[in-house]
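Peer 1: Taking the hints as your guide, dock the two standalone chains into a single complex.
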Amino acid sequence: GQQVQQSPPASLVLQEGENAELQCTYSTTLNSMQWFYQRPGGRLVSLLYSPSWAEQRGGRLTSSAASNESRSSLHISSSQITDSGTYLCAIGTSGGNYKPTFGKGTSLVVHP
Amino acid sequence: EAAVTQSPRSKVAVTGGKVTLSCHQTNNHDYMYWYRQDTGHGLRLIHYSYVADSTEKGDIPDGYKASRPSQENFSLILELASLSQTAVYFCASSDARTGGVSYEQYFGPGTRLTVL
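These protein sequences, in sequence, are chains A and B.
Here this note's numbering is used: the first residue of the first sequence is 42, the next is one more, and so on.
Here this note's numbering is used: the first residue of the second sequence is 3, the next is one more, and so on.
Simulated from the structure, these hints should not be mistaken for laboratory data.
Errors might be hidden in some of the hints.
[Said to hold, decoys possible] For lysine-lysine, the following BS3-like pairs were computed, each having C-alpha atoms within a straight-line distance of at most 25 angstroms:
(1) A:K145 to B:K20
(2) B:K13 to B:K59
(3) B:K59 to A:K140
(4) B:K20 to B:K67
(5) A:K145 to B:K59
(6) B:K67 to B:K13
(7) B:K20 to B:K59
[As the list claims (entries may be wrong)] Derived CB-CB ranges, DEER-like:
(8) B:N29 to A:T69: 19 to 29 angstroms
(9) A:G100 to B:K67: 13 to 23 angstroms
(10) B:T22 to A:E96: 40 to 50 angstroms
(11) A:T123 to B:S69: 31 to 41 angstroms
(12) B:V14 to A:W94: 41 to 51 angstroms
Note that the Cβ used here is the ideal one computed from N, Cα and C, for glycine as well.
Excised from the complex, chain B in its bound form (with noise of 0.2 angstroms):
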């Protein structure tokens, strides 16, 4: 079963304040993803990397910054936290290391972030 983990579940930041969201994947999977689920958007993806020390832009990159020091861990970095990056985060990894292998996608439990 694929293993992805977040930390911290829960985090209460006040505005202005630096924020890192950690998560951690024990697949051996390449790529990684950052989403944020809000009420009434659906699933929108932050960040994501296909490579250890390589992070992509996805849909919604401003006022977010990733890191992906290791196949394993893949970091979404909040410089000045405000109040409209009060969302719950997920973080997902896939396989694609082959042509025609599956791109399954495997979501870590996520991580409630209230800025306040």
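Bound-form chain A, shown alone (with noise of 0.2 angstroms):
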């Protein structure tokens, strides 16, 4: 099956005001892709959803993708210790119904 992997593959430490990129390779070939952010014990909440390789931004966030490299990117600029907390990836790929694949997420932790 579809294999998604996110990295770092368990946490991210930083200071507070540095940037972070957290990645997402698959396996298969990209349809759409969405990135999640979730406190714990929390609801999944959509961060930026993209329907192809197009870059998406919002606020501090950015998402692209490198459609030769089955790779994918959120970068958080100048982080803040709000954004602490679990980042997950979900690829969807084309063809068939719609069920997309989920990284296990990456742990993000900012120190004042």
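Peer 2: Written out as structure tokens, the structure reads:
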């Protein structure tokens, strides 16, 4: 089946103000990509969605995809303490019914 | 803003008992999904549906049934709950009615199920 790997695989620790880059690699042809944020015990909150390889921006967040590398990235600029939490990517593939595959998530910890 | 609600928000069930988790969306979306989230496994798809009165198996359907009586409602049924089904369950919806329209998913708040 489809495999989605996220990196860093476990957690990323930053100082407030630093930039973060989270990555998602997959073993199939991308049709859509969505990044989510989740606090412990909380719901998944959609951050950015892209129906293709197109770069998406929202505030301090930018998502992009490299078609030739089967990799997508989420950039967080000027990280804040409130950015701490888990970030998950979901990859949708073309053809058939829409069944996105999720990565296991990367935990981001931002220290003051 | 898309709205997906789930009930109950938490439940304790006994092994072998029947559990029904409910999901309701007011987005007029065709697709609805049930996922479970476990530490170390991430989010895994159990069942999904793209039209009322029809459901499809996801990646881990064993031990679960689903029901989609209307566009707005989607239920997950555990006929014989087991310890291994202790997890947080999330419902989601997305709009895929028209070719090229967003498949963006909107999630409910989750249901924490504990089977004892």
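Peer 1: None of the hints should be skipped; say for each whether it holds.
Peer 2: Here's how the hints hold up against the structure:
1. A:K145 to B:K20: Measuring from Cα to Cα gives roughly 29 angstroms; hence the hint is violated.
2. B:K13 to B:K59: Satisfied, since the Cα-Cα distance of roughly 24 angstroms is no more than 25 angstroms.
3. B:K59 to A:K140: Distance ~10 angstroms between K59 of chain B and K140 of chain A Cα, so the pair holds.
4. B:K20 to B:K67: 11 angstroms, holds
5. A:K145 to B:K59: With Cα atoms ~21 angstroms apart, K145 of chain A and K59 of chain B stay inside 25 angstroms; holds.
6. B:K67 to B:K13: Holds, at about 18 angstroms.
7. B:K20 to B:K59: Given that 25 angstroms is the threshold and the Cα spacing comes to 20 angstroms, the pair holds.
8. B:N29 to A:T69: 19 to 29 angstroms: 27 angstroms, holds
9. A:G100 to B:K67: 13 to 23 angstroms: Given a distance of about 41 angstroms, which is not inside 13 to 23 angstroms, the answer is violated.
10. B:T22 to A:E96: 40 to 50 angstroms: 42 angstroms, holds
11. A:T123 to B:S69: 31 to 41 angstroms: 39 angstroms, holds
12. B:V14 to A:W94: 41 to 51 angstroms: 45 angstroms, holds
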